[in-house]
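Make a model of the complete structure from these sequences and hints.
Here is how the chains run, residue by residue.
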Amino acid sequence: MKKLLVILEKEFRQVFRNPAILRMVLVMPVIQLLVFPFAANYEVKNVSLSVVDHDHSSYSQKFINKISGSQYFKLVDYSPSYDKAMRTIESGEADLIVEIPAGFEKALVNENKSSMLIAVNAVNGVKANLGGAYAASIIRDFNAEIRTDWIQFPSFNPQPTINVTSSSWYNPTMNYKIFMVPAILVTLLTMIGSLMAALNIVHEKEIGTIEQINVSPITKVQFILGKLIPFWIMGLVTLTLGLLVSWLFYDIVPVGSLALIYVFGMVFLFTLLGVGLLMSTYAETQTQATFVSFFVMMLFMLLGGLYTPIESMPEWARWITKVNPVAYFIEVMRMIVLKGSTFADVRTDFFSVLGLGIFFNTWAVINYRKRS
Amino acid sequence: MNAITVDHIVKTYGSKKQVLTALDDISFEVKKGELFGIIGPDGAGKTSLFRILTTLLLAEGGTATVDGYDVVKDYKQIRKSVGYMPGKFSLYQDLSVEENLEFFATIFNTSIDQNYDLIKDIYVQIEPFKKRRAGKLSGGMKQKLALCCALIHKPSVLFLDEPTTGVDAVSRKEFWDMLKDLKKQGITILVSTPYMDEAAMCDRVALIQSGKIMSIETPENIVKEFEGELWAVRSADMYRLLNDLKQYKYTESCNSFGEYHHLLLTKNQGGKEGVLKYLNELSHKNILLEHTAPNIEDRFMQLMKNT
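If you read the sequences in order, they're chains A and B.
Last residue of the first sequence: number 371 in numbering that gives the first Met the number 0, and the count goes up by one each step with no gaps.
Last residue of the second sequence: number 306 in numbering that gives the first Met the number 0, and the count goes up by one each step with no gaps.
Treat the hints with care, as some may be off.
What the hints assert, rightly or not - Residues from chain B that face chain A, not an exhaustive set, calculated with beta carbons under 8 Å:
1. THR53
2. THR54
3. LEU55
4. ARG78
5. LYS79
6. TYR83
7. PRO85
8. SER89
9. LEU90
10. LEU94
11. GLU98
12. PHE102
13. PHE107
Said to hold, decoys possible - Calculated pairs, DSS-like style, for lysine-lysine (alpha carbon to alpha carbon, straight line, at most 25 Å):
14. A:LYS2 to B:LYS75
15. A:LYS1 to B:LYS75
16. B:LYS276 to B:LYS248
What the hints assert, rightly or not - Cβ-Cβ distance ranges computed for the label pairs, FRET-style:
17. B:ILE111 to A:LYS219: 19 to 27 Å
18. A:VAL262 to B:LYS87: 41 to 49 Å
19. B:LYS87 to A:PHE11: 19 to 27 Å
20. A:GLU205 to B:GLY61: 28 to 36 Å
Hints were generated in silico from the structure; no laboratory data involved.
Only a predicted model underlies this, so the values are computations on that prediction, with no experimental measurement involved.
Every residue, glycine too, gets a C-beta built ideally from N, C-alpha and C.
Here it is, written out as structure tokens:
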């Protein structure tokens, strides 16, 4: 016990003398939390629109006004022909073309139906999808307007319509940031847990101090605990800072229990530190450790449900997320912060992360050798 | 009882395709309280041997004991009772002199005060800088601090892997004086060095080359083992002299040694006159040729050539 205290004292001394680590733990999370949620945004706005109007009628004019007046589109080009409009897509000026054929109004009035063309630049899939959908919904709206225009008097037999009113639970204003901030906080803990602890141990390998430690009565468990505990505490400091930032800047106060967040955070950090430790037992240099950590972290984050919902991933990817502690914690953070879930709701996730933690740490301890 | 016994130790590196034998069936013993030197060039296998004895590396074959404990079975005991100073400075650079020493004292369940006598003579030299970070010390100071840290738990056996490599001549001399003092306190010391001149400071030395021990003797006896008569030669043009002497038909070996070349003749054929005649023919000037006593390096070169 006394030895462990001495090792901890030494580790903390070194941490406080290393300004880079302090900055990583204190400043980086604050900056990331302040920048990321604003920049990383799903909502597609400012889709550049090119219009080809062959009709030049009052209805086509009305439609163009309607679509360019919406907040999703901005009219950048007004071309006389489809080919000309296509050129603006090729040059990247426009994202979407709306072509209104000649005789659009005539057909609409005489035959009660008409058609138009929407062409989307699908290089950016998300933008194309959403842009197309927005345009379609505007056309639908326009269609409904025309209909009400023409039906001057309430008819005896009005067309039945279903009016849909939706309500968004747990995030009534559909605020994107409330959804992202808790998840970004998880990725910050992931960085500290897996990368920094791994680098620290490999650093001792690189400068050779581990040799001197190995020829001493320190046991490997003492050495490993001496490495894990400081980063575990630093992770909790980061978590606290992150929660403070989300409260102060985004006004996000967890609906659920703060204590539950911390308990889950502690277990999550334990697991992540185990992953970092495991990498450090295999890596010989800090460069190796960095590359491996990056690979693992990318995997954890992209398959963690940070940007894309796990439910829409293919079967095999969903299996990977089962052994991804980050996926559990992102989900649980959102549940606790937005929904106010209790321990009973997150129990399965809790024990899954704990189990993964025991697995990774045991593997790491077994693989850590004091001799080669 | 011997402090260290090494019995047919074999260590190889690499896979099937390219096997490098670092230690090839090595055996020797070090008595309690002895200052034993492992002398050999870089790559001879010195560090591998040290790492096996300090339980950091597993040998492929053979057994070894330190202080009566087996290096494989009783490694925990060995780690408690030996001091190890690796060739590369491996203390915490971001901790101060004092903090390093304290740290190593505590992890060995002791304190600085408890064994202060042992390190006193060395520590007083670095004490003025005790608040300084270890990384900011000069090379010689670092080495003294490393020695203090390796000694602070009063080890029964001290392993010093190339402690004087990269240290200036004065510090080297000081360091060997320190080792002699430690020897008086009854500590067994195993030290490795690539410098032949340091061999003379040891009680016994093992000459090692390519993983094999060529000779284990006291420094005096190693010199006595030298076969043949050795000549020291010099002239005005030393470089040409060396090349010419190597061409001489009776030359067994000729090596440059400071201001002289050491020349050994094949079974003393030709003698002094023969050499002088040969050199005069090649119009060397200011020739000086005299008998000289062989040193350990001469013997090492001879052994190297014969194997």
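Verification of the hints:
1. THR53: 5 Å, holds
2. THR54: 6 Å, holds
3. LEU55: Because about 5 Å separates LEU55 of chain B from the closest Cβ in chain A, which is inside the 8 Å limit, the hint holds.
4. ARG78: Where the cut-off is 8 Å and the nearest Cβ of chain A is about 6 Å from ARG78 of chain B, the hint holds.
5. LYS79: 5 Å, holds
6. TYR83: 4 Å, holds
7. PRO85: Holds, about 5 Å.
8. SER89: Holds: closest Cβ of chain A sits about 4 Å from SER89 of chain B, inside 8 Å.
9. LEU90: Hint on LEU90 of chain B: holds, closest Cβ of chain A at ~7 Å, below 8 Å.
10. LEU94: OK, holds: LEU94 of chain B within 8 Å of chain A, min 6 Å.
11. GLU98: Holds. Min distance 7 Å.
12. PHE102: 5 Å, holds
13. PHE107: Since chain A brings a Cβ to about 6 Å from PHE107 of chain B, closer than 8 Å, the hint holds.
14. A:LYS2 to B:LYS75: The hint holds at about 16 Å.
15. A:LYS1 to B:LYS75: With Cα atoms ~18 Å apart, LYS1 of chain A and LYS75 of chain B stay inside 25 Å; holds.
16. B:LYS276 to B:LYS248: 13 Å, holds
17. B:ILE111 to A:LYS219: 19 to 27 Å: With Cβ atoms ~26 Å apart, the hint holds.
18. A:VAL262 to B:LYS87: 41 to 49 Å: 44 Å, holds
19. B:LYS87 to A:PHE11: 19 to 27 Å: This hint holds: roughly 26 Å between Cβ atoms.
20. A:GLU205 to B:GLY61: 28 to 36 Å: Between GLU205 of chain A and GLY61 of chain B, where Cβ atoms are some 31 Å apart, the hint holds.
Violated hints: none; the structure is consistent with every hint.
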